[in-house]
Every structure is written in structure tokens, then in C-alpha cells.
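Number of protein chains: 2
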Amino acid sequence: MSAYTIGVDYGTNSVRAVVVDTANGHVVGTRVFDYPSGEQGVLLDARQPHLARQNPADYIEGLRVAVSGALHEAEGDRTFARERVIGIGVDTTGSTPLPIDAHNRPLAVNPRWEANLAAHAWLWKDHTSAAEAAAITETAARYNPELLEPIGGTYSSEWWWSKIWHCLKVAPDVFDAAASWVELADFIPAVLSGVHEAHGVVRCVCAAGHKAMYSEAWGGLPPKDFLARLDPKLADLRGRLYDRALPPGTPAGQLSADWAHKFGLREGIAVAMGGFDAHYGAVGSGIRTGTLVKIIGTSTCDCAIAPTSAHIANVPGICGIVNGSIMPGYFGIEAGQSAVGDLLKWWVEGICKPSPASGPGGVDAVHEQLSTDAAALAPGESGLMALDWNNGNRTILVDTRLTGLLLGQTLHTTRAEVYRALIEATAYGARAIVERLREYGVTIDRVVCCGGIAEKNDLFMQIYADVLGQPMLIAGSPQTPALGAALSAAVTAGAGAGGYAGWQEAQDHMTGVKEKAFTPNPEAHAVYEVLYGIYRELHDAFGGVAGARPDLATLMKRLLTLKEQKAVARV
Amino acid sequence: MSAYTIGVDYGTNSVRAVVVDTANGHVVGTRVFDYPSGEQGVLLDARQPHLARQNPADYIEGLRVAVSGALHEAEGDRTFARERVIGIGVDTTGSTPLPIDAHNRPLAVNPRWEANLAAHAWLWKDHTSAAEAAAITETAARYNPELLEPIGGTYSSEWWWSKIWHCLKVAPDVFDAAASWVELADFIPAVLSGVHEAHGVVRCVCAAGHKAMYSEAWGGLPPKDFLARLDPKLADLRGRLYDRALPPGTPAGQLSADWAHKFGLREGIAVAMGGFDAHYGAVGSGIRTGTLVKIIGTSTCDCAIAPTSAHIANVPGICGIVNGSIMPGYFGIEAGQSAVGDLLKWWVEGICKPSPASGPGGVDAVHEQLSTDAAALAPGESGLMALDWNNGNRTILVDTRLTGLLLGQTLHTTRAEVYRALIEATAYGARAIVERLREYGVTIDRVVCCGGIAEKNDLFMQIYADVLGQPMLIAGSPQTPALGAALSAAVTAGAGAGGYAGWQEAQDHMTGVKEKAFTPNPEAHAVYEVLYGIYRELHDAFGGVAGARPDLATLMKRLLTLKEQKAVARV
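Chains A and B supply the protein sequences, listed in that same order.
Following the working numbering, the numbering of the first sequence begins with 1 at its first residue and continues without gaps.
Following the working numbering, the numbering of the second sequence begins with 1 at its first residue and continues without gaps.
Because the hints were derived from the structure by calculation, they are not lab data.
Mixed in with the good hints there might be a few duds.
The list cannot tell twin chains apart, which means a pair is met if one copy fits it or any two copies do.
What the hints assert, rightly or not - Straight-line Cα separation of at most 25 Å, DMTMM-like style, residue types lysine to aspartate or glutamate; simulated pairs:
{"#": "1", "residue 1": "K345", "residue 2": "E381"}
{"#": "2", "residue 1": "K353", "residue 2": "E368"}
{"#": "3", "residue 1": "K262", "residue 2": "E73"}
{"#": "4", "residue 1": "K456", "residue 2": "E349"}
{"#": "5", "residue 1": "K456", "residue 2": "E515"}
{"#": "6", "residue 1": "K233", "residue 2": "E138"}
{"#": "7", "residue 1": "K566", "residue 2": "D45"}
{"#": "8", "residue 1": "K169", "residue 2": "E564"}
{"#": "9", "residue 1": "K566", "residue 2": "E537"}
{"#": "10", "residue 1": "K169", "residue 2": "D236"}
{"#": "11", "residue 1": "K566", "residue 2": "E39"}
{"#": "12", "residue 1": "K557", "residue 2": "D45"}
{"#": "13", "residue 1": "K233", "residue 2": "D176"}
With these hints in hand, go ahead and build the complete structure from the sequences.
And the structure:
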């Protein structure tokens, strides 16, 4: 008899729920809910271009609509029945912290605070806290350098403490009104479990370790005296947060009577530990030692694991190495790129701007046309080189205060050439990450990709294979984060309840890769070796890498020469 | 009784004729003829992106249609009569050489050669001869360094010898078939004068001195032994070219019976010395000591003059300082930027690409919208910085093998922000030229602009005033090159024929500036001081300026900080 679990995936613009058959990982029901607030779910402020918030009410409403919808669709499957659902798992964007009151209610749903953007959820890509991030890095480097070791040496403006501290500075009333702060990844499981007290929220080590400088090595969150150096109020807050954070597999709670009733599910089924979309995406992609999972969407998150018995040094510029953050018993290693799909979206929607006259399919049609035209180009043929930093650089420079760069353009440069150059730039960024990981002892001999772009954009995947010199495999499921969350729920429920006793067993049954894969073209790879070298000259020069020795005076000429060789080769 | 002269202006895409009242410079008749061949008059080759040629047949047909049309329109003026026309002057793009046969016929009009692109006119912006230009510079630097002094130290791929030598290499049959080569600026006056022998073509010092390394200091064209080092056939060609080149004011000929008949004009009226559009544009803008004339169109040409009695050193990176090239008795000083209007055209037509659905006015509408949006931005507010090198750098780096650069872009960067950044980049390039000229003793205390952009784009002109910290005046005539050619014809005809005895007197009557001028905003200028510094860091680094010490690691951050300050200032 089949058992089912539910995975709920909170993305940047929408939330998706899937109902999964634990026997084979097949999705039998799915539903997406687009956040109704702001611009595509993101609250913006014209005066603060770096601000990106979300309305927590969208999360709750999305939970109800998406899960109900997915279950309703699952009813169409002949073996499905609601009583066979044995657990629910949740993954979210992160770090996306929000302030809550003493009863685990978001401040933002209180009419007193709802107009205040600081009381809403601080979306991962909110970059208002650059000054705080810099001060945290500086203070830690001086007084507690150990805090920076697992997070790549630099604290980011996208992360927990930067955002909470910025809130304290710009909206002290919101800060004072918050009984505690929670990551979205912890908030939703607590909601499902009917947690009505702020101190009852169970915290996942994935958010804690990667974003809040939590480590058992120093007894949990950063020491009180460290936080006091930032602001005494942050030190006070520490006591209202948490002492312990837990890996996946440990339950976050049991489904409350209230939500069980809403969904027609059994009360008390397992609520899995929350986790970030990337980590559960890696689980749903079948991550194992030696496998790099790339979740390629608006941004990219790279995940690898290494047995805790392995001697993995801290890797400079890699955002996080945290014990148990992806699967218990392994270091979870996380890296990422801040703008990947977003970079192409910017080019198409922000610059090429299909006219309203071209209809609602205009944007997709332009993407498709540019992909087709870009695919006809040989590597090096455009003469262009870009840096993929329109949203800063997350790995390996860990610097949000970097910006995009495009060079090599002539009066004949086309949209499609730039489109391809932007894809290539993200591929070079991806390669920089792989090289850094290998340099520090992390084995990478297999790359599995998932996310919207991996699914749909063949040109993109081929360029990645050619730039990395490595086959690109595609995860079997198009919804790996939700699948990973559902898989986590199956492991959390356990074999006795119809789930699994272990992660490997669950992955063997529930995950896989597609037959279609992208293998490197040796000729293209050879050109990309040269182009990657040029990318690194610019990357290192503008990224402030110590000892960078770019030869800028010849750089444009080298690209031109390559371009001319390609033009000649075409004749 | 009024006298009239005709000015004929050969541009990149069309030829324009004007009939001018010599008493006041008023245009009483005008006609434009678009070259019918190629793409907007330019012959291209998909396999050679740097190739740009023109069909000489278009020039002849254009001469007939444009002059006839302008005269026809002039008939509408009540004081005009064809017998009152006392001269005709011609200005053209340059260096635009073409091969001719022994009878001063372009090879390209011969069916034997018409399919061969090498037999057509080599348009100024043809960049196929980069290797030859480099070899000429190298050879001259080694054996005849004096040759490089008046041309800024570097011979360009846009110039006479590079192009002819490239023709010899790639199309030796064309080279061998040519009795001689002529600049377009000399060819048209010779046609009008009925010159039917190649050796009868009168040559202007403006083309000879700026593009063909002609100087009285070494007795004309470069020595035969120098040319023989390049190729013995070039040394042979020297004898079939010319010994002497002449300044404006000296007649190029008299109107032939044939053309007089075609136009209904008197046979034998003055045909002025040909000249480049920029130089005659400077004359038509009222150039004098201390005045910089900027002719701003697809590209920009900057002209200044200095009395031949002044001690003006050779200025490195300034394309030319030639005795008598603009007006007799003065050094003509020429600089320029390879892409100005073309840069905006590329952005709008190549990248923003108004859809066909938006109608024939689509391109203009997009330019207008982007101008309006860009005008609403404060200096520094976009965070962007561009280099204006999509078509190489003519001054002060003299390097066609440079390409465009844009940096500072985020995911929110708009078309209008880039549009403004491109305008600003050309303004920084303009400032680099002014600074270089002043540094070497050329007085510049007044800037007069002409050309399509100066006429129409207020945002562009204001940015130039703010970046240069100098008022931008606008020439009184919208057609200064044609007016300058007509003025030259009036001086050449002389006071006895109803023209003028001297240039200053002719300019006082025939030229002026508009009341409307653009004055620098001190606040904007202060920001542009900082931004120009950043531009120069990039310019010097990528341009290979010796001793460049850019601080690239902080460059993006400095732009971001400026951007944030502007955003704060708006609140």
C-alpha cells in the first residue's frame, strides 16, 4: 500500500505544494499559489532600491491554498487517499527572517504594524543591510574570527543578523515589538504544528548554521559579548531566540488538529524539519559524496556534502560548511550565485522589453528567439565578456557591493550576443565555485542540475557543460526542493509509518536523473578555457582579489582576435 | 545685389546640397539625396564586419540630383537667380579614398570591376586595415619618426595609406588597375571642373596632411624609400599621386561646361578646394583662435586652429595638426570620437529594437522616450559607467582595436539609464580631448557645436556642458559643413565676383551662433568631476596608457556609493 507525503516549497514569487508517492517519488498532485502582495510577491520601495520584503499573510494563505489544491488534484490518482498521507515537509528561501510576537504571530499581520515594511519578512535578496554585514564581518574578524570560518570568511547582507540589526537601526519600534525572530523555514513548520508560543518554534541547523553563525563549537548562536559589541539589544535578543538547532530527520512537530481539519489529513502526522529550498533541492536531486547539485533558477545555489569524518578545511569564499545542514552525518556545503535566471530576465524584460503589442507571450517569445539566435553563435564569436554581478557576488567573493560589467561590444553587437554572454558569465561564475571547492579538498565528479533553467534551457545547459568541462545531468523531478521536503517527511515519519528508515534508501526510491544529459564539446571547451582566463582577470581585478595581475591593456584586443578567428572559421 | 554659392556635403548615408546667400549665410534652397547602394549607402560584407565601402556611382548621381534639387528650390526665393551663383564648394567624409583610371573615372563604375568591393570607395569607417596601420606606425617609428609627429604618433586604419596598402594585399588586381587614388574630397571638385586625367586632380592639404602624411617639411608625401619599406608597389604609386597639396581659398578648378549646362549655371565659376566635412563644418561654425568646434553626429570631429606663428607642439594622440588644413595661415588641429550618435543608434536600434508594430516612427519615439527618462536622472544616480569605444577610440588613444564597456548595472538598470550612461561616456571622451589639447598649449575658451545631435538633443548638450564645465554654444546654421563649403566658394570667387576678399570677413557675414546655449550646472559639474576620474581609470587601464594606476577593486563600490547618495538626496 502506497504512502504519501507533502512537500511545500516557498519560492521568491510563489509557493508550490506537491503530493508525492513515497514508493517512487512520483507527484500525484500539485498546486502553485502566486503571492498576491507587492510586485510578483515582493514588496519594494522606490526610494530604497535594495529593499525586498514579503507579506507573511501571503505565506499563510499560500499554505492553505497550495496544499488544499495539491491534495484535491491528488484525489484524481486511483491509489491516493488523504489518510495515507504520513507527513509534510517545508522548504523556503533564506535567509528570510521575520519578526513574530510572543504567540508566534508575524508582526506584519497585526494592523498596528502592517504598513511598516520592517515588520514584514526580509526576503533573501533584500540588500539594505550592507553596512551591517560589513560591520559584523569586521567585528568578528577582530574579536571572534572563529565565527567566520564556517561561512567563508565574510558575513553577508542577505543574512539573519545583518537584517535584524538593520531593522533595529531603521525601525527600532519594530525591533522592540518583536518577541523573537524566525526564519521562514522554521516559521511554516511551527505554524503547521500549531506552535502558539515564540519560544516553542523548533529551529533547523540549516538556517542557523549557514545564516546565523550557529555552531556547536561555540555553544550555539554567537556569544552574547560578541553581539553586544554590535548592539546591546542584539545581545538581549539572543536569549529570546534559541539554544539548539536540529538537522533534518528530527521532527519539527506534528500536524495540528486545526490544519489537519483544514486539509482533511490525519492529526499528528510528521512535520519535517524545515530547510532551505536549495538544501532540500539537493536532497531531492539525490545528493551524495562527490555530487554537486546546482539549483538553477532566478539565482543559483550549489550544494555538496562530505562525510563529517572527512577533513574538509574551511573554504574561503564558500558561504557555508555546516554539520548536518543538508543530511545528518554530513557537512552540508553551500555556495551560490546571486543572479542567474534573474540576469536573463533583466536583459529580456528590463532592457529588450517586448512591447505590449507583442502580447502576453511576448517575454517568452523573446527568450526563445534570443536562445535560438545565441545557440547559432560559436564560443568567442561575439567578442563579448560579462561579469555576472548585477546582484552582487555571493561566491567566491562574498560581496554584494559588486555590479555587472559587459565589455567587447561594437556597433554591431546584438541582443542575442549579449544574452549568450550573460549565460556564459554565469557559467564562468559556476566554474569559479567548482574550482574553489576542489582546491580545498571537496570531491566533485558528478553534477546534477535542477530548477527551471536546467529543465527548459538546453543552450544554457550546453554552455555549462562546455565551460565546466563536465557532463551536466538533470534531476529526474522538475520540483526537487518540494520533492526533497516530501522525502524528508517520509524519513521523519519513519519506516514504521510507511516511510523510510534512512536517507539513502529514501533517495534510491524517490529520486533519479533524466536520460537526457549535456556532455562537453571538446572544441568549445578549449575556447572556454581561454575565455574563462579572461573572465578571471576581470573577476579578480574588480573583485579585489589580492595579487590579481590582469592584463587589461590587451584584454579587449584578445577578445577581438578570438572573435575574428571565429568569423574567419565561418567563411 | 545678392550673390549665391553652393555647398555640397557628402555624408555617410546621403549627400546634401545647399544654395546660400553670401550676404548673410541664409540657405535659400536645399536637397538631400540618399545613396541608393548597400545598407543606407554603405556596402557591407557579412564575412568582414570591419568593411565599409561606398559606390562612387552614388556620388555622381547624388551630385546631379542634390544640386539640381537645391537650385530648383532656390528658385522660390524672390532675389535668387542662377546667374548670380558665383561658386561651388564641396566637403566630404574622409579619409575616403577610391581608385581611379587614367581618365579620372572610378574603377568601380567600370563593369570589369563593379562587383569587386576593393574597387569602390573605402569609406572613412572601414576598419579592415588595422594590420597595415600598425605596420605603418611601427615602420615610421623606426625609420621616419618625423612622419608621425603631425598625426598624433599613431597612423590609423581609417586613413589613406592603410587602406590603399590593404587593397594592394587583398586585391592586387584592383591596385594594379588603378592609375591613381583620390580622396572623395578631391574627386568631386575634379569632376565638377571636368578633369579627365588622373594627374589633373587638384589635392587639398586637409586630406593630404591629416591622412596621407603629407608635409612641406619633407617635401610632400612620405619619402619613396619609406613607402618601399612597406611595399615597393606603394613607392611606385607615389609618383602617380601628387607633389603638392593646397589650402582652401586656392581654387580646385572652374565649373565645366558640361556641369554648368546640367545645372543651368555659368560655366567657369569658382570650384573651391575640397575639404573634409569637419573642417568645412568648423569654418561654417565660425572657427577662430580659442574656439573649439565640435561636429556631433554619428561620430564627432573636433576642430581648432592656432596661428602658424604660435608654438604648438605635436600633441600625442591628436589625429592631426596640419598647416592650412582648415584655413590658410593657421594650423588646423583635428581630433575626434569614432562613435557618438552611432552609439545611441546602436542602443536604440540594435538593442532596444522598437518592434515593427510600433510603426515607422518607432525609432524616433524610443529615442525621445529614453531622452525624457534619462533627463530625469541626476548625474551619478544610475551607478553606471561606460566607455565610448564601440567603434574604437580615435582620440586620444588612436586605437581601433578597443571595444565598448558598460559597468555598474544591477537587475534594476533601465534602458534610459544606459542611454544616459552612453551619452555621458561620449562626454567624458570629449573632455579627454579638450584636456589633452590644453595640456599642449592649444587655447580653448569657447566651444561651438554643430551637427544633428547639437541641434536636436538638449539632454546631450546639457550633459556636455556639465561634464566639460564649459558653455556649449550652437552654430547658427544646421548645415555647417555645407555652409562652410559654400563660404569657401565665396572666398575663392573673391570680392570682385561678388564674394569675399578674406575668411574673417566672410565668416562675420555668413556664420553665427544661436541664442540658445547650454551652461554648466555647478552641482552637476562637481559630480561629473568625480565620475570623469572613474572614467579615466577605466580609460587608461583598458586603453593601455603607460603608468595607469586604476583602483579597480573599489571602482564599482564608489559608483554604488554615489548612486546611493543620489537616491537618498531624492527622498
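Inset, instruction - Report the numbers of all earlier hints that the structure fails to satisfy, in ascending order. - result: none
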